[in-house]
Amino acid sequence: MAAGLPLSIGHAIAALLAALILGTLATVVWIAGGLSGLTEWDLRAVWFTLWQAALSATLSAALAVPVARALARRRFRGRGLLVTLLGAPFILPVIVAVLGLIAIFGRNGVLNGALEAMGLPAIGIYGWQGVILAHVFFNVPLSVRLILQGWQAIPAERFRLAASLDFAPRDIARHLERPMLRGVLPGVWLAVFLVCLTSFTVALALGGGPRATTVELAIYQAFRFDFDLGRAAALGLVQIAICVGAALLAARIAIPAGFGAGLDAVGGPPAPGGWRRLADAAVIAAAAAFLLAPLISVTLAGLPRLTTLPPEVWQATRRSVLMAVISALLCAGAALALALTVARGGARWVEGAGMLPLIASPLVLGTGLFILLRGTVTPQQMALPVTALINAAMALPFALRALIPAARALQKDYGRLAASLDLRGWARLRLLVLPRLARPLGFGAGLAAALAMGDLGVITLFAGDNPTLPLMLYQLMNGYRMADAAACALLLMMISLALFWAFDRGGRHGA
Amino acid sequence: MALEFRDILLRQDDFALAADLTVPAGRHAVIGASGSGKSTLLALVAGFLAPTQGRLLWEGQDITAMPPGKRPVSILFQHNNLFPHLSVKQNIGMGLRPDLRLNRAQQARVAQVLDQVGLSGMGERRPDALSGGQQSRVALARVLLRARPLLLLDEPFAALGPALKAEMLALLAQIAADTTVLMVTHDPADARAFAPDTLLVEGGRVHPPRPTGPLLDNPPPGLRAYLG
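Residue numbers (our numbering), protein chains in the order written: chain A, 1156 to 1666; chain B, 3 to 230.
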């Protein structure tokens, strides 16, 4: 029957994925053998992980509200572009943004230059405040998009009714906007909180020390500096507990999806004049500057050196691109098989398996895979395959979120037609499934490619003489070769965005 | 050329449909109130739903377990009868070979039925570049090409205006001359114009075919309430 082939592939992939994630986590738990190996230092890392995530989430959500409101009620040239750009931090390599933030907020940065000129004391970016700053940089745009969707979900008729009742802006806020925010903000807060719980790259580059080390960073340090696998595994156990706890929390609160349509609905809230107009303009300008200044700074600093980068950078580039493409294909293939199985009413555990990567952090998976594979292959040999595999797995839940609804719609709209025409197997895949699902597939593949391209997580555990481009960039930064680092960052940013664009665009054309 | 429902019972949650009747060759309307199970009946014949008990026979052969695409059946749905990402030619060609690897003779057949339904020269278009009536013609062209002896119509022309609908039924009568047709309809006029006999679906039962005219002239109480 028509379901035969893809159904079994979907089940097989779900089983493999569950074995990979759960098997790796079980290995970590087994090696850890309890929490007795943990020191006071490690407990500080747990505490820091929790409170920095909470503070980052609170700040991001609070700062995003005025920006989302301004974007919801103003129409101006470049608005669509700005809203699109708000999605960029998600696919921007973290280490590139960190370099940009250092250029603006660092010791020799633009901001401290201005402070010094005014005779004010300098601020430092290294330490907990830098970690928070970077998390806010990444998550304010995401939060703005989510909250903006909330604003646009308020029916235009409500605002017309409010206008006919002569509501002042204060009344609109009270009767329409605040109830919406009460519904949306918990999900936004939680989404940011979850992302920040597994923060590694930001803490690696800007944090460290007793007051700014996350659990993920502590795993890396135990693994890489102390060669203490037992402690790394014990920390991994703590990270698993944190992730599972967060997942249970997330199951109780609906987290809105940050992508998709509906960002340019007609209508929207009324646009009050007077000081509110100026305030909105200022808020939008400030948000755009905060988002763009670090990236522009990296671009300007990197452009002149782009052509004179040393050859090992280009080798790293080739390595990274190859890995990113493999990761994208793995992710897209797995997501397609899982989504088709789920859409056909496959067992619930299939969808659950696809979402499993959400409870596994990259460094825990890396530690587990290292333990499982040691003795058979060297760390250098596993570096690239493991990085490709883990990034594909990490992108999978996001790809599935886009793909499963599309696959369900496909099944509902055309499943019976295809069955009645005896359209099965490869012909069904070629003539129906791929053309109809090209868009979400391209999006998912692009996401996986960009994430793998910019990843500076699990690769740091294994890296030897064959660094990827982000690792190369990190090494250049640590060597204070800032001009080369900026050029490298520009290259990495361009390739990541280009990979996402190419896959996403490919999907749109295929559709 | 008869379709036999032998002691069929189909249960879905708290809904049940029973059918024990023989449908002879010819054109039949299927009439009944909303939710009475008309579409369920067609889904059963098409093979999308399996009966809880009983057997379905076509020309004496048991087709109860036959997959939808292998049945001697073509079906037109209310919506989504065409793949929007495929051209008109490709949509029609699927009636010959679902994988669209058509040889020259088959391609010529596609062009021929395209002429037959009055869509010459439109083969390269996508369905969304056609009017509703033209889309219906494409779907009918595919039915013509598949040439299955049993045709199920689940109100495919309901969204067309009265004139277009009459046109489609006329075209259908012409291309499906030797085909046994089951046509779900809400419109007694369609039933009278198109179908000499009618199956009434009422109270979870499919009733054997009766001449359409007398049935509609003197409907049983349930049908009378529905027709108003």
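Treat the hints as calculated values from the structure; they're not laboratory data.
Certain hints may be false.
Stretch-level coverage of chain B by chain A, calculated; a stretch enters the list once three of its residues show a Cβ under 8 Å from a Cβ in chain A [stated by the list, open to error]:
1) 6 to 19
2) 79 to 93
3) 125 to 135
4) 205 to 219
In silico SDA-like cross-links for lysine to any residue, where the CA-CA straight-line distance does not exceed 25 Å [claimed, not checked]:
5) B:Lys72 <-> A:Leu1433
6) B:Lys72 <-> B:Pro53
7) B:Lys72 <-> B:Asn105
8) A:Lys1567 <-> B:Ala178
9) B:Lys72 <-> A:Arg1636
10) B:Lys72 <-> A:Leu1266
11) B:Lys72 <-> B:Gly56
12) A:Lys1567 <-> B:Ala18
We put the CB at the ideal spot given by N, CA and C, even for glycine.
Structure-based check of each hint:
A stretch counts as covered by a chain when three or more of its residues have a beta carbon under 8 Å from one of that chain; for the region 6 to 19 of chain B and chain A the count is 0, and the coverage is violated. For the region 79 to 93 of chain B, the stated coverage by chain A is satisfied: 8 residues place a CB nearer than 8 Å to a CB of that chain, which reaches the threshold of 3. Here the region 125 to 135 of chain B counts 0 residues with a CB under 8 Å from a CB of chain A, which misses the bar of 3, and the coverage is violated. For the region 205 to 219 of chain B, the proposed coverage by chain A is not satisfied: 0 residues have a C-beta within less than 8 Å of a C-beta in that chain, short of the threshold of three.
Between the alpha carbons of lysine 72 of chain B and leucine 1433 of chain A the distance comes to roughly 68 Å, so the proposed pair goes past 25 Å and is violated. Of the supplied pair hints, the one linking lysine 72 of chain B and proline 53 of chain B holds, its CA atoms being roughly 17 Å apart against a limit of 25 Å. Distance check on the hinted pair: lysine 72 of chain B and asparagine 105 of chain B sit about 21 Å apart at the alpha-carbon level, within 25 Å; holds. For the suggested pair lysine 1567 of chain A and alanine 178 of chain B, the alpha carbons sit about 28 Å apart, so the restraint of at most 25 Å is broken.
With a C-alpha separation of about 69 Å, the suggested pairing of lysine 72 of chain B with arginine 1636 of chain A is violated against the 25 Å cut-off. This hinted pair does not check out: lysine 72 of chain B and leucine 1266 of chain A have alpha carbons roughly 72 Å apart, beyond 25 Å. Between lysine 72 of chain B and glycine 56 of chain B the alpha-carbon distance is near 20 Å, which keeps this suggested pair within the 25 Å criterion. Distance hint between lysine 1567 of chain A and alanine 18 of chain B is fulfilled; the C-alpha atoms sit about 22 Å from each other, no more than 25 Å.
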